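Colleague: Knowing the structure of chain U, use the given hints to seat chain E on it.
2 protein chains.
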Amino acid sequence: MRFYDQLINESAPGALQSVPAVTNVPAAEYPRVYADGRVTFRVHLSPATSVQLEGGQGLCAKPVPMARDADGNWSVTLAPTVMGFHYYWFNVDGTRMNDPGSETFFGYNQETSGIEIPDPQQISSDLVTSPVIPFYAPHDGPHGQLEEKWYFSKITGRWRRCFVYTPPAYNDAGNAGKRYPVLYLQHGAGENETGWGRQGAANFIMDNSILGKSSSFFAAFLGGSISKAKEMLVVMDNGYATYETPSSVKRNASEAYSSPRTEAFGAVMVQELIPMIDSSYRTLADRDHRAMAGLSMGGNQTMAVTLTHLDLFSHIGTFSGAQFMRRRPQPGMPSQPPFDPGTSYGGVFADAGAFNSKVHLLWMGSGTAELAMSESTRQNVAKLRAAGIKITEYYSPGTAHEWQTWRLCLNKFAPLLFQA
Amino acid sequence: MRFYDQLINESAPGALQSVPAVTNVPAAEYPRVYADGRVTFRVHLSPATSVQLEGGQGLCAKPVPMARDADGNWSVTLAPTVMGFHYYWFNVDGTRMNDPGSETFFGYNQETSGIEIPDPQQISSDLVTSPVIPFYAPHDGPHGQLEEKWYFSKITGRWRRCFVYTPPAYNDAGNAGKRYPVLYLQHGAGENETGWGRQGAANFIMDNSILGKSSSFFAAFLGGSISKAKEMLVVMDNGYATYETPSSVKRNASEAYSSPRTEAFGAVMVQELIPMIDSSYRTLADRDHRAMAGLSMGGNQTMAVTLTHLDLFSHIGTFSGAQFMRRRPQPGMPSQPPFDPGTSYGGVFADAGAFNSKVHLLWMGSGTAELAMSESTRQNVAKLRAAGIKITEYYSPGTAHEWQTWRLCLNKFAPLLFQA
Chain U
76 MRFYDQLINE SAPGALQSVP AVTNVPAAEY PRVYADGRVT FRVHLSPATS VQLEGGQGLC
136 AKPVPMARDA DGNWSVTLAP TVMGFHYYWF NVDGTRMNDP GSETFFGYNQ ETSGIEIPDP
196 QQISSDLVTS PVIPFYAPHD GPHGQLEEKW YFSKITGRWR RCFVYTPPAY NDAGNAGKRY
256 PVLYLQHGAG ENETGWGRQG AANFIMDNSI LGKSSSFFAA FLGGSISKAK EMLVVMDNGY
316 ATYETPSSVK RNASEAYSSP RTEAFGAVMV QELIPMIDSS YRTLADRDHR AMAGLSMGGN
376 QTMAVTLTHL DLFSHIGTFS GAQFMRRRPQ PGMPSQPPFD PGTSYGGVFA DAGAFNSKVH
436 LLWMGSGTAE LAMSESTRQN VAKLRAAGIK ITEYYSPGTA HEWQTWRLCL NKFAPLLFQA
Chain E
76 MRFYDQLINE SAPGALQSVP AVTNVPAAEY PRVYADGRVT FRVHLSPATS VQLEGGQGLC
136 AKPVPMARDA DGNWSVTLAP TVMGFHYYWF NVDGTRMNDP GSETFFGYNQ ETSGIEIPDP
196 QQISSDLVTS PVIPFYAPHD GPHGQLEEKW YFSKITGRWR RCFVYTPPAY NDAGNAGKRY
256 PVLYLQHGAG ENETGWGRQG AANFIMDNSI LGKSSSFFAA FLGGSISKAK EMLVVMDNGY
316 ATYETPSSVK RNASEAYSSP RTEAFGAVMV QELIPMIDSS YRTLADRDHR AMAGLSMGGN
376 QTMAVTLTHL DLFSHIGTFS GAQFMRRRPQ PGMPSQPPFD PGTSYGGVFA DAGAFNSKVH
436 LLWMGSGTAE LAMSESTRQN VAKLRAAGIK ITEYYSPGTA HEWQTWRLCL NKFAPLLFQA
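Sequence lines, in order, name chains U and E. Take the first sequence: its position 15, counting from 1, is numbered 90 in my numbering, and each next residue is one higher. Take the second sequence: its position 122, counting from 1, is numbered 197 in my numbering, and each next residue is one higher.
Hints listed in this document are in silico derivations from the structure and should not be mistaken for laboratory results. Some hints could be false.
Pairs count within a copy or across copies, as identical chains cannot be separated in the list.
[What the hints assert, rightly or not] The list that follows gives simulated cross-link-like pairs (lysine-lysine, DSBU-like), each with its CA atoms no further than 30 Å apart:
#, residue 1, residue 2
1, Lys288, Lys253
2, Lys288, Lys229
3, Lys303, Lys229
4, Lys253, Lys305
5, Lys303, Lys253
6, Lys288, Lys305
7, Lys465, Lys229
8, Lys137, Lys229
9, Lys433, Lys305
10, Lys137, Lys288
Every value quoted in this text rests on a predicted model; they were computed, and no experiment measured them.
Bound conformation, chain U alone:
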């Protein structure tokens, strides 16, 4: 993911009126973004009879008709759009087609075009001489690394890939004996292990958070002063897994797992991923130094895995998390009752004092523009508080079930980790 390094200022003489989106492939002039958040999409599709723009909640909640010019270019300009990353695609006479001008990102179980809408604060005329770098873009100074790591999973019978973020000074010679805590960070449904490093910009968010590079503007925007995050590793795995030999596997039949798939992912994570990470990196391999968080489906997985393994985890986060989503009936799985702090997840919340002394952070965030999700977050937080559970909540203003919410969640969540 690249970010905007050109400023747009429609009122300044000679300034750029609009620029190609940073998510475009080289030389692609469209989509273009404007200083006020408008965005123009254009595609050349001479033979089509009907073309619509479709995409994520924050870009266009409904399909938007595009208009054809005499040369066969179909285009539309949207009103100012929520900043951050949005998936999109074209519906061409009923067929979903990506924009050849855009990079693709893995979402909706397939490669999908995406656009990065600049922060309006970044491009306002006041800031032309002193650009604000968003908390999710690279700053000057040292950077951590994102590493691609392959491991063979006996549980699934396949090679799997995860990404590992190591903090800026991890490879310094002076730190050769230093060990680090680990955050396991999961993507949502239809996405994969590339999501947090590309759409999510997790590496830049962690860099800026660890180094205290987020500006005072963002401190204000985020509702307070920015505290630095501890140095940590972040592991981003693929949330999908299936048992190689389903019939012969002895199931962990906990009602915590919403599906056999989540159960298999949990098994991979606990039995294969965590040991592989602890043997490959200089980790602090104990529960006090291990956290897990995830967005949407990954939030559901986070609750399932951590609450059945408090011997392994002490910090827990859900970002727009389908926290207590009741699973649909699944063959071979026990039925799942409605969420009840007294009994759900094996009764882990029943003794609030015991839970609060074990779990150093239970954190739930969502966006105010994802109405059902933020409402369910509020309800679940209230239920847990009523049961005596210590919990931190966060609502990202005006953002939907999209990556800008989850970038903000990570930026708020990471500085709270491993501070005990």
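Modeller: Below, chain E without anything else, positioned relative to chain U:
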């Protein structure tokens, strides 16, 4: 890139007739590959009137018409296809469209569908009980890492991303004081820094080459015994660069550079990338331990950068390299005469004895199915040999201007590096 871990055997009772390509997105049933190398493409496009399959040389040299069934599925099955990775796309009533069932790979200056055709040796019935793992697929045992590294380039005024392969034992505590040689490895025109790690499987090729994991079958296939490669880093950068302020830049007006773009890339590489790598990794930062190679356009860049900087490089490789491609007339660049070992590249080849004592390896490879390229490779090798230059040549049997040629080239080239 994943590789085939299911075997196909059409003659064995109950065996799979075909499997979804490993390059498919999850749950996509098409394209499917067969044991004999046939491949079936299928896409649902009800309203289309004409759909053709188009793609790389080794898959379909010309567009292949697809047929529509009553449900609106368009499909075609190709005769046995050259193994390895091929780009492809659908031409739908004149519009180029990716296959929603495929992952995309960066090629042709845009995101493009790709398919991995299994090695026929891997899927023949004799081998069902003892699968052959190709030299470009993961083996059991330790693996190196592919790291994403961002750096700010003052020359271009932009953040740039490269990928860095570190060998399996690089992070072992016992190697904390060990330093490694570096191979700089470049992609071709229209591709980017992701090419070698995805289409090229460079990380697995290097793992297998360093650990001696290539099987005896492949030793035979590759024309001899497999020698292990030295442990080394491999740096894969983006080959495109433009000066931030072209008019004020003092040009390196060497006739070696085929374009201002290649000249700018060379400046980034020499002034920014190499110093960044040498300060971020435990490298052996001298010419004896620094190599460069590239495919196609990257081969042309390799010759331009290394032959004007023999103070920095001692090992040079071109894979289907546009080695001595004469540049088209470019504003602000001196004209480029035809290749002449006596005068080209500043006369670096004129004193063969001096060249041979400085350059420990000059290596050129190409595929026999890319006729013009392999012919020009033979001619250039002959010219250089006639001038007394020591040079190694390689021709990959039956492969075209595609990634299978370049995987084979890397597999042959890497074990020859840093052996002096």
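Colleague: Hint by hint, note whether the structure agrees.
Modeller: Status of each hint after checking the structure:
1. Lys288 - Lys253: Only inside one copy: Lys288 and Lys253 sit 23 Å apart there, 33 Å across copies, limit 30 Å.
2. Lys288 - Lys229: between (41 Å within a copy, 20 Å between copies)
3. Lys303 - Lys229: Answer is between: at 28 Å across copies they meet the 30 Å cutoff, but 39 Å inside does not.
4. Lys253 - Lys305: This pair counts as both: shortest intra-copy Cα distance 13 Å, inter-copy 29 Å.
5. Lys303 - Lys253: Only inside one copy: Lys303 and Lys253 sit 19 Å apart there, 33 Å across copies, limit 30 Å.
6. Lys288 - Lys305: within (13 Å within a copy, 40 Å between copies)
7. Lys465 - Lys229: For Lys465 and Lys229, the Cα distance exceeds 30 Å both inside one copy (38 Å) and across copies (48 Å).
8. Lys137 - Lys229: neither (43 Å within a copy, 42 Å between copies)
9. Lys433 - Lys305: within (20 Å within a copy, 49 Å between copies)
10. Lys137 - Lys288: For Lys137 and Lys288, the Cα distance exceeds 30 Å both inside one copy (37 Å) and across copies (53 Å).
Checked against the numbered hints given earlier, the structure breaks hints 7, 8 and 10 and satisfies all the rest.
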